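Respectively, the protein sequence lines represent chains A and B.
1 is the number of the first residue of the first sequence in this note's numbering; add one for each residue after it.
1 is the number of the first residue of the second sequence in this note's numbering; add one for each residue after it.
Check each hint, because a few of them may be wrong.
One copy or two, it doesn't matter: identical chains are merged, so the pair holds either way.
As the list claims (entries may be wrong) - List time: in silico DSSO-like cross-link candidates among lysine-lysine, alpha-carbon distance up to 30 Å:
| no. | residue 1 | residue 2 |
| --- | --- | --- |
| 1 | K17 | K46 |
| 2 | K118 | K17 |
| 3 | K46 | K118 |
| 4 | K123 | K13 |
| 5 | K83 | K123 |
| 6 | K106 | K123 |
| 7 | K46 | K123 |
| 8 | K118 | K106 |
| 9 | K114 | K46 |
| 10 | K13 | K46 |
| 11 | K13 | K106 |
| 12 | K83 | K46 |
None of these hints come from the bench; they were simulated from the model.
Just so you know, these numbers come straight off a predicted model, no measurement behind them.
Number of protein chains: 2
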Amino acid sequence: MTDLMAIGDLSRKTGVKVPTIRYYEGIGLLPPPPRSEGNRRLYGAKAVDRLRFIRHARELGFEVEAIRELLDLAEQPQRSCAKVDALAREHLRSITSRIERLTALKVEVESMIKACAKGRIAKCRIIDTLSHHEHCLHAEH
Amino acid sequence: MTDLMAIGDLSRKTGVKVPTIRYYEGIGLLPPPPRSEGNRRLYGAKAVDRLRFIRHARELGFEVEAIRELLDLAEQPQRSCAKVDALAREHLRSITSRIERLTALKVEVESMIKACAKGRIAKCRIIDTLSHHEHCLHAEH
DNA sequence: GTACAATCTCTAGCGACTAGAGGAGCAAGA
DNA sequence: TCTTGCTCCTCTAGTCGCTAGAGATTGTAC
Chain A
1 MTDLMAIGDL
11 SRKTGVKVPT
21 IRYYEGIGLL
31 PPPPRSEGNR
41 RLYGAKAVDR
51 LRFIRHAREL
61 GFEVEAIREL
71 LDLAEQPQRS
81 CAKVDALARE
91 HLRSITSRIE
101 RLTALKVEVE
111 SMIKACAKGR
121 IAKCRIIDTL
131 SHHEHCLHAE
141 H
Chain B
1 MTDLMAIGDL
11 SRKTGVKVPT
21 IRYYEGIGLL
31 PPPPRSEGNR
41 RLYGAKAVDR
51 LRFIRHAREL
61 GFEVEAIREL
71 LDLAEQPQRS
81 CAKVDALARE
91 HLRSITSRIE
101 RLTALKVEVE
111 SMIKACAKGR
121 IAKCRIIDTL
131 SHHEHCLHAE
141 H
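Kindly produce the complete structure, drawing on both the sequences and the hints.
What follows is the structure in structure tokens.
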């Protein structure tokens, strides 16, 4: 029943690298597992689930602190999921604002590149734009 | 003519914080300036230009290593600006790919939030989605 | 003279890992 | 049984671009 696996197997099962698993244990995202006689970590099915949850949340861009809260909430099935919803919405806001900021940068960098006439650096519009902020499309950055 | 200023004045003129200026000197983006008798840094007009260039490039998201190259190129007016153009295009590619990645995340997180019925955590679709990657719209993350 | 502001150097911290050193354990083949 | 080679262990330090703080010195205004 209790078929325990080594850290390498857990790594292969979840796609999370071995040092990262140990790191997660160090920061308290994963509980310290039991050890073998030879002091090796032994993981069961629960660890697989928890680590997959962590990995997926990280892939979706959640920060470790948010994941810590989500894991905590996931263990209290009776509670309202309002907090979960709030965490997800907060994360969505952060993604959206990063996209907005990057899009503004993109426009600026594109216009800089378009202005480049491929001549000498002395007349390079890219260097010029970098030197003089006032040449920018938008001043707010 | 040679009206030199202290680091605080340079900071105010460029909008770059004092510790950041010292940091830039430490990593070689700014040359070590001359010092006063009391060992304080003294900056001239060239430092203002160079620091403004750095600041602007950072605001546009260029990495320090790229800025180092750009500064280097800016000092060789006779050279072709092909390299400058390449650096800017590379940066644009990185911005674009970050936007794409974030947009994919946004879609995923949005759909997760929409599925939430605001009930108990036991039935929370957000927790559920995080637990089971296969519930995702796209599997490639 | 005496506050107080500005500057100096140095070290450590952020987030989320990643890389490497140096050593021990373990399974399979000769 | 021995050896080879893989996996695992702990610990430290590095990544990037700063930022924060300690503790000392210098400059300035009253």
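_Hints not upheld, ascending by number_ = 2
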